[in-house]
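Please construct the entire structure, taking both the sequences and the accompanying hints into account.
Here are the chains, one letter per residue:
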Amino acid sequence: MPRLKRKANSPLSKCPTGIQGLDEITEGGLPRGRPTLVCGGAGSGKTLLGMEFLVRGITQYHEPGVFLSFEETAEELATNVASLGFPVQDLIQQERLALDFVRVERSEIAETGEYDLEGLFVRLGAAIDTVKAKRVVLDTIEALFAGLPNEAILRAELRRLFRWLKQKQVTALITGERGDGHLTRHGLEEYVSDCVIVLDHRVINQIATRRLRIVKYRGSRHGTNEYPTLIDESGLSVLPISSLGLTYPVSTDRIATGIPRLDAMLGGKGYYKGSSILISGTAGTGKTSLAAIFVESVCRQGGTALYCAFEESPEQVCRNMRSIGIDLDPWRKKGRLHFHAVRPTVYGLEMHLATLHKQIQNLHPLALVMDPVTNLLSVGAPDEAQAMLMRVIDFAKSQGITAVFTSLTSGGDALEQSEVGISSLMDTWLLVRVLETNGERNRLLYVLKSRGMAHSNQMREFQLSDQGIQLQDVYLGAGTVLTGSARLVQEAQDRATFLAEQQAAQQRAQALRDEQATLESQTTALRARIEHIQAERQAVQAQEEARAEAACADQGALATARWADAPTAPHPRRARKGDGR
Amino acid sequence: MTRRDGGQQAAPKASPSTWNLRLYIAGLTPRAVAAFENLKQICEAHLAGQYHIEVIDLLKTPQLAKGDQIIAVPTLVRKLPEPVRKIIGDLSNTEKVLVGLDLRPRT
Chain W
1 MPRLKRKANS PLSKCPTGIQ GLDEITEGGL PRGRPTLVCG GAGSGKTLLG
51 MEFLVRGITQ YHEPGVFLSF EETAEELATN VASLGFPVQD LIQQERLALD
101 FVRVERSEIA ETGEYDLEGL FVRLGAAIDT VKAKRVVLDT IEALFAGLPN
151 EAILRAELRR LFRWLKQKQV TALITGERGD GHLTRHGLEE YVSDCVIVLD
201 HRVINQIATR RLRIVKYRGS RHGTNEYPTL IDESGLSVLP ISSLGLTYPV
251 STDRIATGIP RLDAMLGGKG YYKGSSILIS GTAGTGKTSL AAIFVESVCR
301 QGGTALYCAF EESPEQVCRN MRSIGIDLDP WRKKGRLHFH AVRPTVYGLE
351 MHLATLHKQI QNLHPLALVM DPVTNLLSVG APDEAQAMLM RVIDFAKSQG
401 ITAVFTSLTS GGDALEQSEV GISSLMDTWL LVRVLETNGE RNRLLYVLKS
451 RGMAHSNQMR EFQLSDQGIQ LQDVYLGAGT VLTGSARLVQ EAQDRATFLA
501 EQQAAQQRAQ ALRDEQATLE SQTTALRARI EHIQAERQAV QAQEEARAEA
551 ACADQGALAT ARWADAPTAP HPRRARKGDG R
Chain Y
1 MTRRDGGQQA APKASPSTWN LRLYIAGLTP RAVAAFENLK QICEAHLAGQ
51 YHIEVIDLLK TPQLAKGDQI IAVPTLVRKL PEPVRKIIGD LSNTEKVLVG
101 LDLRPRT
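Those sequence lines, one after another, are chains W and Y.
Going by the working numbering, the first residue of the first sequence is number 1, and it counts up by one from there.
Going by the working numbering, the first residue of the second sequence is number 1, and it counts up by one from there.
Please note that the accuracy of each hint is not assured.
Claimed, not checked - Some chain W residues judged to face chain Y by a derived CB distance under 10 Å, without partners named: (1) Ile109; (2) Tyr115; (3) Glu118; (4) Gly119; (5) Arg123; (6) Ala127.
Derived by calculation from the structure, the hints in this document are not laboratory data.
The beta carbon of each residue, even a glycine, is placed where N, CA and C say it ideally should be.
So this is what it looks like as C-alpha cells:
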C-alpha cells in the first residue's frame with residue numbers, strides 16, 4: 001500500500017540535460033524514457049542542443065548516448081562541435097557515444113511495394129546496444145520525408161519508432177524543422193507529445209536573439225516564458241532569469257565606497273554589501289569616476305570586480321582614471337578586475353544579460369559596475385531595458401553582489417529621475433550634478449536616497465583632481481550655497497574680514513594698554529611728587545622747630561640778660577621738649 | 001540524366017560484368033520472403049546466369065546496415081554494375097524493379 005501510494009505520487013522521472021538553465025526551467029530535465037521534440041528554424045541550435053544533451057549526459061551523468069544524424073556526417077558533426085570543446089571523438093573511441101549518419105537519397109531509391117523502416121530500427125537498436133545508450137538524439141528525422149516517397153508508410157513507421165524508443169527506455173530528443181503554422185514542417189508534434197521545446201532565433205532591429213520556450217511538458221510543471229538563450233564557446237545556456245524571486249538574503253555588512261567622506265555621508269560606513277547603487281547625473285559629472293574608485297577600493301580590499309563598459313574600452317577607462325589618481329591596471333593584471341567592454345548594439349538585451357550572467361557565474365565578483373546603463377536603450381525599448389536591468393539587479397542581489405549602475409541624465413530632463421526608470425529598484429542613489437555659476441561649472445554630489453541607513457542630507461562639492469576624488473563642504477552661509485571659486489572667494493572674503501576684525505581688536509587692546517601705561521607712569525610721577533612734598537614738609541617742620549627752639553633759647557638768654565624774675569610761659573612743644581630733656 | 005542511355009545499353013544485352021545484388025532483410029518475415037521470391041523471378045527472367053544475390057539479415061548482422069545506408073527493409077542494392085541503385089519494398093511491382101535496376105528505360 002505505501003509503495004503504491006508513493007508510486008502514484010512520485011513525480012515524473014527526469015533526465016537532466018546538464019545544459020545550463022534548461023534543467024531549471026524544466027525543473028529537472030527532460031522526461032526520462034520518453035521522446036522530446038525540439039523544433040526551430042534553421043540555425044536555431046537544434047543540433048547543438050541535441051549534441052550537448054548527449055555529451056553532458058555522458059560526461060556528467062554517465063549515461064551513454066546515440067546520435068543519429070540525418071543531415072551531417074559523423075565527421076562533420078564531430079568537427080562542428082569540437083569547437084565547443086566537446087570531446088566527441090574521444091567519447092566515440094571510449095564507446096560511450098555512437099554517432100551514425102543516415103543518408104537518404106531520394107534519387108537513389110526506387111520504391112517497389114510494401115516496406116517498413118526496420119532497417120533504421122535495427123541500426124538504432126544496434127547502436128543503442130553497443131554503447132548501452134540511455135539517451136538518443138535523432139537529428140532531423142524529417143529528412144526521411146524528403147527521402148522516402150510513401151508518406152503513409154513513413155508516418156506509421158515514425159509512430160512505431162517513438163513507441164519503440166519508449167519501450168527501449170531511452171530518453172530521446174528529436175529535432176524538427178519549424179514549419180509554417182505548425183511547430184514542425186511535417187507535424188512531428190503529433191507523435192512526440194510528451195515534451196516540446198521550441199528554439200527561436202529572431203532578428204529585431206537588426207539584432208539577433210536566441211530564445212527557448214517549453215511549449216508543453218506533459219506531467220510536469222515548467223517555466224512557460226521565452227528564455228533568452230546563448231550559444232558560446234561552452235555550448236548552449238538558457239537563462240531563466242525572470243524566475244528569480246524577491247527572496248534573496250540581505251547583508252548588514254558594509255562596503256567602502258572608496259571615498260572616506262562619501263562613506264561618512266552614508267551612515268559612516270559606505271554602501272550595504274549586495275545592494276544596488278545608482279549614480280545618475282548629466283554628462284561629465286564624474287559618474288564613471290565614482291564607479292571606478294569604488295571598484296578600485298573593492299580590489300584593494302581583495303575582492304573581485306566586474307566592470308561592464310558600454311562606452312569606453314578598458315584601456316581608455318584605465319587611462320582616464322589614472323589621470324585622477326585611480327590606478328586600475330595593477331588589479332587588472334592581478335586578475336581581480338575584469339572588464340567586459342562591448343558596444344550595446346553588438347547584440348540584443350537578452351544576449352547582454354546572458355553574457356553578463358555567464359561572466360558573473362564564472363567570476364563570482366564582489367562588485368559589478370555597469371557603465372552606463374542608459375546606453376542599453378539603444379538596443380531595446382525602455383521597458384525592455386528596464387526589465388533586463390531588473391533581472392540584472394535581482395540576479396546581482398541573489399548572488400550578494402554590490403552593483404553600481406551609472407545612468408546618464410540628458411540635459412533638460414528632470415535630474416531626479418533615471419532614464420531607464422530603475423531608480424525605484426535601487427537601494428542607494430547618488431546624484432551628481434553640475435552647478436553653473438560665475439562662468440564655471442562645479443560638481444555637486446548628494447545622496448538622494450539610501451535605504452536602511454542614516455545618510456547625510458548635505459550636498460558636497462565633488463572635486464576631481466590628480467589627487468583623486470575629494471568631497472568638500474559647500475559654502476553654507478548667509479543663506480546661500482556657494483561652490484567652486486565663488487566658494488573660495490567667499491571664503492577669502494570671510495578670512496579678510498576676520499583678519500581685519502582681529503587687527504582692529506588688537507589695535508584697540510594696544511591702545512588701552514598704552515593708556516594704562518601712561519596713566520601708570522603719571523601715577524608714579526605723582527607719587528614721587530607726593531613723596532617730595534612730604535619730604536619738603538618735614539624739612540619745613542624741622543626748620544620751624546629748630547627756629548622755635550632757637551627763638552626760645554634766645555628769649556631765655558634775653559630774660560637772663562634782663563634779669564627777668566618771672567619765667568616766661570613755657571611753649572607746649574618747647575615745654576615737652578624741655579620735659580623730655 | 002545520362003543514366004538513361006547507359007541503362008538502355010546495359011539492359012537487354014548481357015552486360016559483360018556480373019550483376020551483384022544484395023537483398024537486405026530483417027528477419028524472415030513474409031515480406032522478406034516475398035521480396036526474395038520476386039527478385040529471383042525477375043533475375044531469372046532478365047539476367048539468367050549473370051547475377052549473384054546476397055541476402056543479408058540485419059537482425060543477425062546489424063552493423064552491415066551502415067555500409068549501404070539501409071533504413072527500409074526489404075532493400076535491394078545493386079552493387080554492380082555501377083552506379084549503386086537502391087530499391088525498397090517487396091519488389092512486387094516488377095515494372096518498377098526493372099526500371100530501378102536500369103533493366104528498362106525510364107519513361
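Here's how the hints hold up against the structure:
no.	hint	verdict
1	Ile109	5 Å, holds
2	Tyr115	4 Å, holds
3	Glu118	4 Å, holds
4	Gly119	4 Å, holds
5	Arg123	5 Å, holds
6	Ala127	9 Å, holds
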